[in-house]
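Trainee: Using the supplied hints, reconstruct the complex from the two chains, each of which is provided in its own coordinate frame.
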Amino acid sequence: MRFETPATTNPIDQLTVIGKPIDRIDGPLKTTGTARYGYEHHEAVPNPAYGYVVGSAIAKGRIADMDLAAVKAAPGVRAIVTADNAGKLGKGERNTATLLGGPEIEHYHQAIALVVADTFEQARAAAGLVHVDYVKAEGAFDLAAVKDTGEPRPLFGGPADTALGDFSGAFAAAPVQLDATYTTPDQAHAMMEPHASIAAWTGDKLTLWTSNQMIAWGVGDVAKTLGIPKENVRLISPFVGGGFGGKLFVRSDALLAALGARAAGRPVKVALQRPLMFNNTTHRPATIQRIRIGATRDGKITAIGHEEWSGNLPGGRPEGAVSQTRLLYAGANRMTATRLAALNLAEGNAMRAPGEASGMMALEIAIDEMAEKLGIDPIEFRILNDTQIDPEKPARPFSQRQLTECFRAGADRFGWSKRNPQPGKVRDGRWTIGIGTAAAFRNNLLVKSAARVRLDNNSTVTVETDMTDIGTGSYTIIAQTAAEMMGVPLEKVVVRLGDSTFPVSSGSGGQFGGNNSTAGVYAACVKLREAIAQKLGFNSAEAEFADGEVRSGNRKVPLAQAAGEGGLTAEDGIEYGDLDKKYQQSTFGAHFVEVGVDVATAEIRVRRMLAVCAAGRILNPKTARSQVIGAMTMGVGAALMEELVVDKRAGFFVNHDLAAYEVPVHADIPHQDMIFLDETDPMSSPMKAKGVAELGICGVAAAVANAVYNATGVRVRDYPITLDKLLEQMPNVG
Amino acid sequence: MRSFTYERARTPAEAAASASRRPDAKFIAGGTNLLDLMKLEIETPAHLIDVNGLALDKIETTQEGGLRIGALVRNTDLAADGRVRRDYGVLSRALLAGASGQLRNMATTAGNLLQRTRCPYFYDTNQPCNKRRPGSGCAAIGGFSRQHAVVGASESCIATHPSDMAVAMRALDAGIETVRPDGATRTIPIAELHRLPGDTPHIETTLMPGELITAVTLPKPVGGKQIYRKVRDRASYAFALVSVAAIVQRDGTGRVALGGVAHKPWRIEAAEAQMPRGAKAVAAQLLADAKPTRQNAFKLALAERTLGAVLAEAKG
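Residue numbers (the working numbering), protein chains in the order written: chain A, 165 to 898; chain B, 27 to 342.
Certain hints may be false.
[Unchecked claim] Capping the alpha-carbon separation at 30 Å, the derived lysine-lysine pairs in DSS-like fashion look like this:
no., chain 1, residue 1, chain 2, residue 2
1, B, Lys65, A, Lys812
2, B, Lys306, A, Lys589
3, A, Lys236, B, Lys52
4, B, Lys65, A, Lys194
5, A, Lys889, B, Lys317
6, B, Lys65, A, Lys300
7, B, Lys251, B, Lys306
8, A, Lys236, B, Lys65
9, A, Lys812, B, Lys317
10, A, Lys464, A, Lys557
11, B, Lys341, A, Lys589
12, B, Lys341, A, Lys889
13, B, Lys65, A, Lys889
Hint data in this document are derived by calculation from the structure and do not stem from the laboratory.
Looking at chain B on its own, in the form it has when it is part of the complex (with noise of 0.2 Å):
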């Protein structure tokens, strides 16, 4: 780990202009991945700010009847949240299905939304790495690719993104409010928060530098059934192999995104026409340009079959 710096934002606004002017400053919330990658100077801050002080944990009801959620809302606040719990399932359960009770306790809303890919070769700074170590190349392509993306990935990357959360959200069309360094506030739709690696894969969202994400706001409630439905090697602390949130309405119709399978979370509004019609017909739309390794193309037949047990349960 490198030394650093150290600084408590007083207001959101302070927190976005301070990183402004430090190119090698990162917002430290709950730490449990930036202290992680720090430790093993996969990140490398020169300073850090702090903005664990800044009100922003507090879920309100928004005008429009939905939710704002505070940017600091520790994964298991959000998690047992009566309003989120009622009308919001599918997030609950995501989060739930997400890390461990102790990481949740710590993990922000905005911290799981910017965690980094768990990719193998990321973590060892032997490896080369396009997302650590821009031109390096990618140790994961030929590599162990299990674990990896089959949408929309590049020549320069494969990783994944790992949040739970985050599918959710995606598949809630979540808002994501921001502050930029010269105050002026702004609402990202999730769609377009997280990038695909192209070949850039080093940089991971459309936030400018120094802005910083105050809240994640719910549209009003949809209703039908929400399930997340997340596969993987053992029970709990493991991350998706591949995951399935969906929404699903009394006709059949409703929405569906997969985690596990992209840098992002993947969600083809087109597809979701083909729900009444079933899994198959939706996979299909969803993984039209998948692009598997020979170790991940497992993944499409599970996406599809685990995409269709959700559907069956919607029903059922």
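Looking at chain A on its own, in the form it has when it is part of the complex (with noise of 0.2 Å):
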């Protein structure tokens, strides 16, 4: 189904079983443990041997001599596979460094050997046992030091660069300047399944069941790094335990564990040891972004620039902090820069809304500052600078746009009139309390995706598509989705998915999957409806689908009756036309975050959080709003505490396990209010749906950087906001 012109009414429309909010129907799996992710599939592969992985000791050279004598002598090693012995490898389209390292070594951490054992246990044991001669290199590893040898890249396939008007003379004419730098840290997705597959080959077919968010990104760059037809490679992946971006791209264990099963000739399963995680993986990178704005004294911005400089190792990508500030505020004079530069730590990659969420962190703090500068209220300053078309291609209007709507209605239940402009002027007790906001923005991406859908004779509707579910609600709003096409209950539908022998769909990644893979199955269910209808000789645009039955006129037929006894079976998917080319399409929204911090210790705690979100329509708000405060979380995590600490001499991230990289814990976390405003946007798809999992991230740091600065009278510009920042400045107490 190609989707051109703008949606109109269709049977989603009804919305008896969409937009309800109901319970993930794979919770009880989960619940009882039954859930099977990728290192647990013990039933279809019962005596699998154990791989463990080996990680470079340094962070860049080569391995000049690896002893394995020992490794090989000791008790159940099956095999041992190195860069050595593992044959001609290529690289996957998706990664920057190989996955198996040696001779040369690339980062810290980067796998050097896969040891294959009977057991757990005994391959750990053995691992221990690797000897490497390593030959160290001089490597960069501090942004910092090597910004300024960064070079244009473009940015999420557009330009590196964008300009409109004269952004220089506008920014020396205006009577209100500001010019500040940020800085974000390098962070990991610390989700808390680690990168796991099992791999089994018969004959010259292997397949992975492994912990990835796309299925055929994963299927193609297996393929294409073993050198094998990718009609040999199957990965399923049926449940993932948190993604966040780190499992966009396959990993060491899939690979490893592939070589393991190769070499040892039975199926081998691999996760990745937690330590290895942080240098082994790919993470968010850190930013340093300049920000300037200038704006008359009524508060209307005459010129906004933004330049980022991040690192990668070579061929790897900017963090793109900049992509919000082309298209959140308006202001005629305009400019947007992207520098990157080498840098020999682990690939940085994808995380949870990346580029956008890196720099609204230091955007939205930027808008406040110029709002206090000017006098004006944050909110009131925002919503002056409010536009309904791209500032840098006037001709294009978004699609739905009610940022302003977001900021008022949140004001009101936030109370945000009662917020005392002063900073550090109310008290509670120890605590000097602030109240912050920001704006929350994130696009929307239109990715084709499809689905197979089956009628059986007992009405039930089983759905097949290559999306995960990677803690989303994927299953449920699927199931939604066929069940109203269907007209069938929410029981009568099965779902399936993460398995590479099913329709490509959009995967998860990028808030684009819960749109994206819905409207693939809405396209699958079109067409099985007109199966049916023809079937029973019904007109098929007067057909209606409801209570378990196909009615036409005065007809009406049970839908089991119309199965068949062979059942009906229909694939197709949703492609989109230029809709995305003519429309801005984003997601809105406002944080509100109140914080107490501690006067004496400067310790600073989230006392009340609120999101109000507009991001079209909202498929299933139970599950969307785990995804909203999940995000909120993640927010709070990456203001106050989550770092991956540098080590510059030697080039690694020193805090690589959960004891030492902090995300919050439940104490941390308050009451968390979430609304939805009621949208719906017919640009985007026939659900006229978009994502919310990544617009709940976007802004939330720099509300709670906002909030910090209200009560304590600290800006505090380099994350995270840790007491340390804040300490010197606090006032004297005893």
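Mentor: Written as structure tokens, this is what we have:
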């Protein structure tokens, strides 16, 4: 199905199942521990060998010698995979460094060997006996030191730099100016389930049970790396224990499991051990961002400029922190610039709202600072500079843009009018209290997506698509879509996901999974409805599907009967025209945060949070809310604690476990309130939905930072905002 | 993890004797720290002596009116004990500030005292660490040292002791009862249990080879307001940047010990004479010899300010 013109009324608009806060249908499997994750397919692979990954002890250089004698002699060892014996390997299109290093080493903890043994304990013990002699090489590990060597790099397919009008002139002439530099640190996805795979070969055909967000990408990159046809690779990933972008790409667990299984002649399972997760896999790269804003005294932005510096392995991509500045606020004179320097840390890549999450961390502090300089309420300043058109391409309107409405609704609900704009004036016992806000913004991406739908003679509807559920609720919203389209109760829908033998979906990433994968299911259901109508001799345009029946005029036929003995199957997908070129499709929100800062210790604790989101039709308010409050939690982590600390001498992230890389715990997260504004977006798809999962994180950290400023009068521009950055400027006590 | 042999000891003396016969042996109780370290090959004992079967899990009143806490009393049980909550509030509060509920259910009193540092370089066997591999150097000096010691450190090691419980016990003047391989027992004042790193940071206590902690004794209650204040980046499940254990009497005299600043719970009795004059004076003396790194210099101001807040709370 091609989607080329705005959606009109369709069966989804009935909203009998869609739009309802339905519990996730895979919930019982998860709460009873029977959902099978990448490492757990015991029934499918009852007797695997175990692989243990050895990571490089240096960041850059080469392996001079690897002594494996003791490993080979260790109990239970079945195979040892190294670059020396793995045969010729390619590199996945979406991998920057090779997944099996050696003799060249590209980053710390790059996998250099897999030890395969009968038991996990034997593999782990034997891996400890690998002896490696390295020749170290000089590397670049300090973004600030190399930033000026950065070069322009395209940004998500768009230009590295953009410009409109005369930014320099307008900025220089502006009566009120801000010129400030912000930094965001490297961050880890730190998902609960590590990268994990089981590989089994049947002849020259490989099956990989794994944990992956994008099945078709994974098939392609496994095939390319191993040098085998795509048809010989099957990926199965029905459940994913957290991805956040870290599992968009196949990683060393998958490749090494495949190589290990080939070498050992039996299935092999590999999970990346937690201490490897931080340097072996990808992370959100650090940024340095300079923002300049010029405005008239009455608060109209006349010049806005945003420059970003980030670093990556040669061949990697920039973080993309300027992307939202191209679209968020009006202003006739504008510029953005993206510079990428070479670093020899692990590969930087996508993490929840890549680009925008980092960019909003800086931009939305800058807006708060500018509002203060102008003496204008930060919400009013944002509303004053709201725009309904793409500011860089004025001919493109936004399809829907309720930014102002989000702020108005949120201000009312949160009690913004009670905020004292003077910092440091509100006390509650030992706490000094502050309130902050920030815009939320994330683009909506259109990605083609297909599905297969089958109607059985007991009126069961089975949906198959290689879409993944990374904890988001894909199973549930897909079931709701099929139930709505086919007029059956939810219990009559079976959803099967995450298998490369199913039609290729959008996958899960970029908050595009919800809208696109359900639109693909919609398309397949339309085709199935046509097949049913045709079989019954109904006019498919008039046929109604409801209550387990097909109706047309005064005829009605139960679906089970319509299916017949053999059942009926239809396969189709959604493909998009140029509605996303003609219209800018984005999602919007407003975050509100109240913090308390301990007057003596400067410890920061979040007390209240609210997010108001406008993101198209909300397919399931319950799973959508879960996405947003989870993202808000991640935003608190970004604001207050998350930082991969770089050892700039040895070139690695030092705090590489979950004790030292802190993410929020329950005690850090207070009551989280969130509301969705009514919205349908006919430009996005027949579902009229967009995404929310990344919108929810964008702006949160800045809202926290602005609240900390309001509480203390201390403006911290370098994340995370830890107490040591406040302490010197806190008032004297005692 | 390396392979190891395993035995269950039947008596404390037998456990100590067994340990003295095997220099590569380790006692195991709750295992909340040791097992993690073994999995990472930071600890590689060839023999484990399981002491969980020793009947050291009682909390008893001593003749002097204090408490004897068995070495195997779990942190959860110790924190919840009525006598501890009533008479040694600083200890109960310190315990509850540490780790997580699940870990406290397993972790024992003696194991808590003997837990090892959380320095990230200690945890990465690719990196030099004098504590893990004597003579290899210290990667934390000149590296990521925000969490590290500001006092009592050396050119060899700037690690901190991570325990909260031990800081409170230091303020309470606890005694550490042990049994040695020859069956002899002794009581070590907690002040003398942990060593400063010097040039042998791998030797962390004054326990002799094989010597087993059997109990911790607390002198009879000293009253006063008992406060434990732990400062950290997140609200729970994080090690202290700085912590303060304080016992403050009505007249403003009392005791204070600091956590998160040194290789051992940090208390200087002489500094306590300054308590009636306020936190600044106490902190000046407690931290007089501080040599912080650029990354952890904030701990000096933080310790003083936290102490100030604690003394104010005690007064109010």
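Trainee: Look at each hint and say if it fits the structure.
Mentor: Comparing the hints with the structure gives:
| no. | hint | in the structure |
| --- | --- | --- |
| 1 | B/Lys65 - A/Lys812 | holds (27 Å) |
| 2 | B/Lys306 - A/Lys589 | holds (26 Å) |
| 3 | A/Lys236 - B/Lys52 | holds (28 Å) |
| 4 | B/Lys65 - A/Lys194 | holds (28 Å) |
| 5 | A/Lys889 - B/Lys317 | holds (20 Å) |
| 6 | B/Lys65 - A/Lys300 | holds (27 Å) |
| 7 | B/Lys251 - B/Lys306 | holds (20 Å) |
| 8 | A/Lys236 - B/Lys65 | holds (20 Å) |
| 9 | A/Lys812 - B/Lys317 | holds (22 Å) |
| 10 | A/Lys464 - A/Lys557 | holds (19 Å) |
| 11 | B/Lys341 - A/Lys589 | holds (25 Å) |
| 12 | B/Lys341 - A/Lys889 | holds (29 Å) |
| 13 | B/Lys65 - A/Lys889 | violated (36 Å) |
Checked against the numbered hints given earlier, this structure breaks only hint 13.
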